[in-house]
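**Student:** Take these sequences, add in the hints, and give me the full structure.
Number of protein chains: 2
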Amino acid sequence: MNSFQKLVKQNRSCRRFDNHHKIDPQTLEELVDLARHCASAGNKQPLKYILSTSKQKNDQIFSCLGWAAYLTDWKGPEKAEQPTAYIVVMGDKTVADNFWCDHGIAAQTILLGARAQGLAGCMFGSIHIKRLADFLHIDDHLEVKLVIALGKPAETIIIDEVDANGDIRYFRDENQVHHVPKRKLSDLIVSTW
Amino acid sequence: MNSFQKLVKQNRSCRRFDNHHKIDPQTLEELVDLARHCASAGNKQPLKYILSTSKQKNDQIFSCLGWAAYLTDWKGPEKAEQPTAYIVVMGDKTVADNFWCDHGIAAQTILLGARAQGLAGCMFGSIHIKRLADFLHIDDHLEVKLVIALGKPAETIIIDEVDANGDIRYFRDENQVHHVPKRKLSDLIVSTW
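So the sequence lines, in the order shown, correspond to chains A and B.
Each residue of the first sequence is one higher than the one before, starting from 637 at the first, in my numbering.
Each residue of the second sequence is one higher than the one before, starting from 637 at the first, in my numbering.
Keep in mind that the hints are not guaranteed to be accurate.
A pair counts as met if it fits within one copy or between any two copies, since identical chains are not told apart.
Each computed BS3-like pair below joins lysine-lysine, with the alpha-carbon atoms no more than 25 Å apart [unchecked claim]:
#1 LYS642 - LYS680
#2 LYS680 - LYS711
#3 LYS680 - LYS820
#4 LYS729 - LYS820
#5 LYS680 - LYS645
#6 LYS711 - LYS818
#7 LYS818 - LYS680
#8 LYS729 - LYS818
#9 LYS766 - LYS820
#10 LYS788 - LYS642
#11 LYS658 - LYS691
#12 LYS691 - LYS680
#13 LYS818 - LYS788
#14 LYS645 - LYS820
These are computed hints drawn from the structure, not numbers from a lab.
**Tutor:** Written out as structure tokens, the structure reads:
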């Protein structure tokens with residue numbers, strides 16, 4: 637438990653990477669294999685994946701993502717800090733008509749697996765889907781649910797407690813440390829029986 | 637990575653438990669604390685939790701759950717094999733109007749955390765919500781997303797490869813071993829760039 641607890645706490649959404657550190661396709665396959673072993677609503681397993689470690693495709697995918705909505709003066713990492721791999725998580729509409737929270741289960745498992753080997757990443761729900769579908773030749777029967785960006789982390793991220801005003805917006809301090817306010821445990825538990 | 641991989645593979649949806657093994661409320665709080673450290677869309681953290689280790693409430697929660705849809709001649713575990721704890725995962729509509737896949741991220745983390753300490757569990761999306769809300773006094777602003785049943789596992793679960801017919805329904809063999817057909821990795825990866 638202790639080591640898993642540590643892993644969860646280390647697993648922060650990371651948006652700046654060491655772009656020199658390359659990731660091989662086999663690493664992405666191993667991460668998807670973790671997702672393959674996860675629970676799926678009704679065991680339908682409707683999720684499909686596109687993997688990218690190619691520089692050209694990575695650039696294209698990058699251009700489809702909305703980076704860090706709360707950092708309004710930051711449009712995303714510069715070249716040297718961009719992700720070196722992506723996993724696109726899609727729901728196959730020929731398999732199921734509702735994907736429930738399968739993509740959350742899968743994406744979290746992929747990110748924990750990445751973190752366990754010293755990588756880090758970020759889930760994106762803010763995606764220019766039409767553009768992405770063009771770039772990656774995504775068929776209409778596949779619904780893009782999330783894009784996971786991956787790389788070797790190159791930023792420091794700290795969890796703070798949400799302040800009295802309840803402001804949950806993350807921010808960067810003067811040293812470029814990224815702060816993420818999280819609610820208190822006691823604010824999340826409604827009742828205990 | 638290896639030990640995390642092992643944890644993910646051990647973390648099977650479990651539906652039969654040793655009902656003599658009690659779980660204390662603090663264990664549930666620690667599991668929710670793991671979920672508290674997870675990614676949340678826009679960092680809004682709209683999820684709220686109800687915890688139960690009480691025999692009376694557990695019985696009530698049990699009566700609200702749809703157990704193992706594919707095991708048509710099994711209505712759920714008998715008394716001696718029922719879960720000894722529950723975590724109800726809800727979205728707070730005063731915090732967000734869409735919970736995206738936050739509950740998938742949180743529930744998977746909770747189950748991996750449970751598995752890391754020798755417990756096991758199962759996510760339920762098939763819930764008699766009105767009944768559950770009555771039993772647990774759940775306010776209208778909280779939308780029930782999942783119920784997680786927990787306990788000490790008392791069943792053997794094996795992963796099989798999906799057969800040529802593509803049948804994904806889990807089943808129990810003559811020795812009461814639970815088999816879960818999972819799709820092949822190569823069937824999940826659409827393309828690699």
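**Student:** Please list, smallest to largest, the hint numbers that this structure does not respect.
**Tutor:** Violated hints (numbers, rising): 9, 12; every other hint is consistent with the structure.
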